[in-house]
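Enquirer: Chains as they are written, first to last, in the numbering used here: chain Y, 1 to 434; chain S, 1001 to 1871.
Mixed in with the good hints there might be a few duds.
What the hints assert, rightly or not - Simulated DEER-style distance windows between Cβ atoms: (1) S/K1431 to Y/A183: 34 to 40 Å; (2) S/R1439 to Y/L244: 48 to 54 Å; (3) S/S1208 to Y/R159: 41 to 47 Å; (4) S/D1154 to Y/E329: 36 to 42 Å.
Stated by the list, open to error - Not close to chain S: a few residues of chain Y, all C-beta gaps over 12 Å, as computed: (5) S87; (6) L133; (7) D160; (8) L179; (9) L203; (10) E211; (11) G215; (12) W242; (13) E309; (14) S318; (15) R344; (16) I416; (17) E418.
None of these hints come from the bench; they were simulated from the model.
Being a predicted model, the structure only gives us computed values, none of them experimental.
Ideal Cβ positions, reconstructed from N, Cα and C, are used throughout, including at glycine.
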Amino acid sequence: MKAPYIANLVSRRRFLQGAGVMLALPFLESFRPLFARAPQGNLPRRLLAISNNLGFVPKTFFPEKGGKDYALSPTLTPFEDIKNELSVFSGMSHPDVKGGHSADNCFLTAARGPAKSGFRNSISLDQYAIEKLGQLTRFPTLNLGVNIDKANRSMSWTRDGALLPAEDSALAVFRRMFLQGDADAMKKRIKALDERSSILDVLLDHTKKLERELGQEDRSRLDQYLTSVREVEERLSTSRTWELREKPGTKFSAPEDIQDKKRIFEKLELMLQMACLAFESDSTRIVTLMVDTFSTPAFNIGEGVITTEGYHGLSHHSQEPAKLRQLEEADKKQMQILANLLRRLMDTQENGHRLLDQTAIVYGTNMGDANRHDNTNLPIIVAGGGMKHGAYHALGSGNEVPLCNLFVSILQSLGIDEDVFGSSKGSLNHLLLA
Amino acid sequence: MKLLASPAKMFRVVLWQGVFKWGGLSLAMSSVAWGQDVKSQVASQIESHCMDCHDEDTHKGGLDFNKVALNLGDRKNREKWIRVYDRVKNGEMPPRSQDLGQSERLALLKMLDGLILPTDRTDVAQNGRAPIRRLCRDEYQQNLRDILHLPHLDILAMLPEDREGHRFNKTADMLDMSRVQLDAYLDSADFALRLALGSKDPALERKSKRIVGTDLFPFTETFGQRQAMFFARENRAIEWGPLLKENKNAVADAATDETIEMALFRSASWPYYGVPKGFKAPQDGNYKVRISARAVLQQPGYTFVPAKAPVPMTFRVRKPTGVDIINEVHADGGILDIQPTQQNYETILHFKQGEFLEYSLLGLPMPIAMNPNNAGQVFRYPPFPEGGQPGIAFQWMEVEGPLSEESWPAPSQRVLFDDLGLVPNPEEPKKEAWRLLKRFVQRAAREPVEDEELQRFEALIEIQLSKGESFQEAMLSGYKAFLASSRFVYLREPGGIHDQYAIASRLSHFLTNSRPDAPLVDFARNGRLRDPLILQQEANRLMGSTAFDSFVRLFTDYWLNLRFIRRDDPDIRLYPEYRFDEYLVESMERETRTFFAAMLRENLPVTTLVDSNFVYANDRLAKHYELPALTGATLQKVALPENSPWGGLLTQGAILKVSTDGTRSSPIIRGAWVMERLLGVPPPPPPVSVPAVEPDTRGAKSIRELLALHTKEESCANCHAKFDPVGLALENFDVLGGWRTRYRELGGSDRVKGIDRAGHNFEYALGTAIDAAGTLATGESFHNIHDLKTILLNNPRQLASNLVNQFVIYATGAPIRYSERSELETILDSCKTNGYLCGDLMLAFIKSRIFTGELQPNHYTQTNYESPLHR
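Make the full structure from the sequences, and use the hints.
Expert: Pasting the structure below:
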């Protein structure tokens, strides 16, 4: 009989080992299947965007003074030894993205007015990047979630505002990346893909005909259907190519899913492991991850310690010291997890480069201050991606700089030659380029 | 009208009128003159009464009238003006009501109505009240179940969960289409079709197995040791020690001993592995399980006597995994009340291949495994109740199955290939393909599909055949395509007087989450569904059918959030008595669904939402609601004692559980929950404008003091006064709806200690006494829940109006439109005399034009329409 797993304090060692994962630190080489294009000169560029939809306590998150020689705030102390690997930002927000919790679906889209009636979301940064980059990997993107209300929340949205559901099972992600079917299964899947392609032709044709009978509003709904058909079609040929290729091997064994929402930080670590495995095996180059703290009940905050109430309740701390203490603890724990992730990516080499330098990481939130549902002055951390780090950029009191300026710089770090995204008015290249 | 002097304001007037003039161009030509005159008047009224706060400088609440054109043809603009209308009508705006006199207010409202109403009505007539709506995943599954004759089809997990809009997962605007959704439709249709294809005749596999003696349980004791389970002979535990010394196979040898009973005294919860040996489902299907059992009371020394009351149990079907992974276990076959005298019981369970069954006794203790990380587990079984520990002694079990369909090939196979058999190989494939396709689509589609449309799917089948696919596979491709086609996955608005099929579909998806059945389709074909009598008769028929359970489940899942009944575990530090009490939660859920179904089917007054002189209770709920003891798990309708705080949906355990978070009940959250869901008054969203309020409740020691701080800040007080008070009246109910007179806390001196039902020590403190008094925003005050109920009962029309509004969203995919408000009043009027009976409300809504669609587009025009709101 197996005993219930009891959470330990987050340690770097455990992060490297992971739950149910074994052996030594993997290097990219161990994943490299025979067929893969050996990266020559043009190393892959990657993005990992994480959002905690209740944010952090501003007072303990933001350092006191901006600049290169800033003193780490209490929440940021886990970065003590790697301070130069990250940039901290205040003073950014998405213009007109107000409405408290409804803003959480706009973190990567910047679509205006999420609380207004008739609101439609717009394309998210990850999907936009894929439109520009094409589908270079087995999975164009991975959209992950921790404790996420999959029906209603996601980081990832299509161009016409449909939600792309997040995956909250680490095991499912692992299987998709590494589980190899036999030759028969592969043949079957290829056949199924071919069949699907024929079906899609009919669906497209049929719906176009149907559309002519409808009014304008109905037509715009059917346009979504038509777009979906075309997008499935586009992806089929890529899927087919990848289906014919062997999946990468892995030294890791399949992880065990954590169901218990209380173990939010272990779940976060596990999902970040999957993100790392995905990067290291080049299964994808873009990962989004929403930590849905809004949907998190009272949770483990230390050995055998459970918070006095759910995350959302805590976030409305109303300055009560007992609540603030627990929240600050939770904030710091996430920073420890992020710091461990950065160290892992620093230690992993890809053709002589640190994987971290090939991977832009954004850890942020749509919530500037959850206590008062404020969506301005967002706390944002950026690391890796070959950008210049080591400073705290205090960009103002909240509304001055669109967060999309950062996203433009991120897109460029991915090798995408665009200087506009969402509500951007420029970029942050002047701060992030060496 | 006030005259304005300041030049700045004059300038604004001009600007603003400029906007509305531009907007006015889209109004119908005949009403331009009239419209322009009214518009100027509205403009000047707004100018004098609203612009102080809502101009480009101040724009309180984000509203700047300079930016809101009086262009009612534009939907978004119209919605803004409807909000203006409502706030003025409700007296919320202007904030000081004396700023707009009663006659001026009515005049302004009348003018606004005159502008909004015709445009909205025309919009509904031309575009329908909502766009076409994609099936939600529950509907998609139910449609496939019914089309393919697969009542147990389970494809929910293959389909993305649908977004919520206006609290339901059936809202047209939220039911987007994406590549993920389309792939999921194709994958799940493929899965369902292959399941329908089936394999062998289950009759060939049918087996019967009798399990007795030591095969009735995997071990001779279980987690929790002997108090939790033992084998017995003549009411006394068998001592295996000496027997095993003599014969090391003693236990195995006793596997055929019919004189042995297996006695079980614990709930099925981790860690547990209560499965009989030797049965595993050889293939998917229904199985008959028969048992012989009696309820007993365990006495000290591992003996037992007949029980005094029945003990409820159910069987769980589980996957072949380890000791317990809760997600892989599901209850099935209903609840059996095991009586104290030995009897036989029978139930039907549905298994997937490889699954097996597990005993699940309800409401019993759960021994604690102590120190489970170290070697040697120690268990503690909680103290027995007075008279002994209830449990069940089993004598034998028989499992038989899979039960065969009545005919072979099975109905699901006949849907696909008629009588051609499992692997059809017709002589004229083209001709047969056409015949079968037509037959399938006729069944699956909700209306006639023309040959021309069908030919596209036929072409697909031909392509597949030409690629060398088998006839069977090629047909499945055609079916699959149809099940993922826009014809199938979208529901449309009834469009005009001849459109009967859309009404049939709306009715069936409303009341059964599925396609119209044969009689309903017949009425549509014969054009009878605009006959109110026929419509009512069909609605009554569906409400009386078992398919209506699907409505009750999904509607309460979303309206009342019952799908989250297990979301928050009660905090066992404060509520140890609820530790692992799944039976209570399960009973509460069943209670609320049963109660709601009765409100409709038995046509109870809408006030039963708030109060009733009866409850549905079983043994566990009787305890929870402090009623005289009941026996058995089945819910019984029982009268409440005078002055019971329970009765009515409002105070049911399930409602009080889902409206709080398990640790502390918050009157704020509960108040907002009740106001929105039961009374139809949603709290306005928290303030988003700058400067945002910085909530600061430091120093508040009690919930009262906390609420007092809310009212200190004006911007908080305005809204919180509308919902906090209702929550206060519910403070006497704990996180699971149990009655309390004092709060519980972790610290504190008045301590309560003991061992809970799961063997854990507990200790908490009793805190301050509960004060459930308050004053509603309307000025009515109450001392407790009884008073609050009395106040709410005084306004049945509000309850009725909210219920109909919920029906409208669920059935039509969009909330009530402005131009339908008068229709809503008509519905309510028609139900008034009888005291707003819930079934009546549902039927009146179904017969209304909100449900059946606009009859004559453009019937109402500016000149001949008088709004009933201003009669």
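Enquirer: With reference to the structure, classify each hint as holding or not holding.
Expert: Status of the hints after comparison with the structure:
no.	hint	result
1	S/K1431 to Y/A183: 34 to 40 Å	37 Å, holds
2	S/R1439 to Y/L244: 48 to 54 Å	38 Å, violated
3	S/S1208 to Y/R159: 41 to 47 Å	58 Å, violated
4	S/D1154 to Y/E329: 36 to 42 Å	41 Å, holds
5	S87	27 Å, holds
6	L133	17 Å, holds
7	D160	8 Å, violated
8	L179	17 Å, holds
9	L203	6 Å, violated
10	E211	8 Å, violated
11	G215	5 Å, violated
12	W242	15 Å, holds
13	E309	5 Å, violated
14	S318	4 Å, violated
15	R344	28 Å, holds
16	I416	21 Å, holds
17	E418	23 Å, holds
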